[in-house]
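Asker: Once you have looked at the hints, place chain B on chain A.
First to last, the sequence lines map onto chains A and B.
According to this note's numbering, the first sequence is numbered sequentially starting from 692.
According to this note's numbering, the second sequence is numbered sequentially starting from 692.
Some hints here could point you the wrong way.
In this list, chains with the same sequence are indistinguishable; a pair is considered to hold if it fits within one copy or across any two.
Think about it this way: if two alpha-carbon atoms lie no more than 25 Å apart in a straight line, the pair counts; the simulated SDA-like pairs of lysine to any residue are [to be verified]:
| hint | residue 1 | residue 2 |
| --- | --- | --- |
| 1 | K799 | L784 |
| 2 | K799 | A785 |
| 3 | K799 | E712 |
| 4 | K799 | D726 |
| 5 | K799 | H728 |
| 6 | K799 | E810 |
| 7 | K799 | T693 |
These are computed hints drawn from the structure, not numbers from a lab.
Being a predicted model, the structure only gives us computed values, none of them experimental.
Protein chains: 2
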Amino acid sequence: MTDADVAAVEEANARFYAAFEHGDLDAMRAVWVADSHAVCIHPGWNPVIGAAAVDRSWAVVMANTPYIQFILTDVEVTVRGDVASVTCTENVLAAAEDESTPGFAGGKAVSTNVFLRVEGGWRLWIHHASPVLSKSGADEGD
Amino acid sequence: MTDADVAAVEEANARFYAAFEHGDLDAMRAVWVADSHAVCIHPGWNPVIGAAAVDRSWAVVMANTPYIQFILTDVEVTVRGDVASVTCTENVLAAAEDESTPGFAGGKAVSTNVFLRVEGGWRLWIHHASPVLSKSGADEGD
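The shape of chain A in the complex, shown without the other chains (with noise of 0.2 Å):
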């Protein structure tokens, strides 16, 4: 894999996180393959399945999140041809959910997003993210 290559998964991966903090449903939707095989995977959620149920999954989330922001740590990402990985936490900092008390709450998660290379970019196929609920699974290394 290339450096260019990994370069272009970096950005599609922040393209990603950018949408989803700026509510913007349309990029958004620019950032995922439009065919009926595109998976999603919300933290604790069942997945949905095919590009129009992930855009309303989208609209969904992001008429329920007021604010969000990630931090992306842990970042790797391998390229095998025309198919990419990006496993990461997200290091997540939203609006607390009572709102009567204006303050912030942070949280972590841990995603794999699948990207495919099509024509013009790399798209994303599978996001699936998962909340950490244990220390002991901590990251081995290799």
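Answerer: Leaving out everything else, chain B in the frame of chain A:
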């Protein structure tokens, strides 16, 4: 994607769950790609990256799993050239944690398994399993 491709991917996916059910670490190792880019996210864990670390993680998980049985539902297979994804719901029947009271505990997780076509078949590149926490994300179809 051909029916033969889909069947071969389903068979590789079944081998993965059979290896776990049988606590067979050799069979589990044979399911996976053998390189440093293998990714395994057990439910609630941080990512484990690289075949050697993934192998060690299964040794730990199997040592702590006296009995487990999977009934897979909502199995969705997509083949795109030499890469394939399986999304499924893992309906789990396991030994109850309280060993003084023989019995079973049930549970549910959703899993994304990404396979690569290699000489001789399909190997598991990415396994990401996560607990289902809410009903709000019920499968919306497309």
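Asker: Decide, hint by hint, whether the structure agrees.
Answerer: Checked hints:
Taking the shortest Cα distances, K799 and L784 sit within 25 Å of each other inside one copy (9 Å), while across copies they are farther apart (28 Å). Taking CA atoms no more than 25 Å apart as the test, K799 paired with A785 passes inside one copy only; the shortest distance there is 11 Å, against 27 Å between copies. Taking the closest pair of Cα atoms, K799 and E712 come within 25 Å of each other only inside a single copy of the chain (15 Å); across copies the shortest separation is 30 Å, beyond that limit. Taking CA atoms no more than 25 Å apart as the test, K799 paired with D726 passes in neither setting, with 30 Å inside one copy and 27 Å between copies.
Proximity of K799 to H728 under the C-alpha cut-off of 25 Å is restricted to the inter-copy arrangement: shortest distance 23 Å between copies versus 27 Å within a copy. Taking identical chains as interchangeable, the C-alpha atoms of K799 and E810 are never at most 25 Å apart, the minima being 34 Å within one chain and 38 Å between chains. Taking the shortest Cα distances, K799 and T693 never come within 25 Å of each other, neither inside one copy (30 Å) nor across copies (39 Å).
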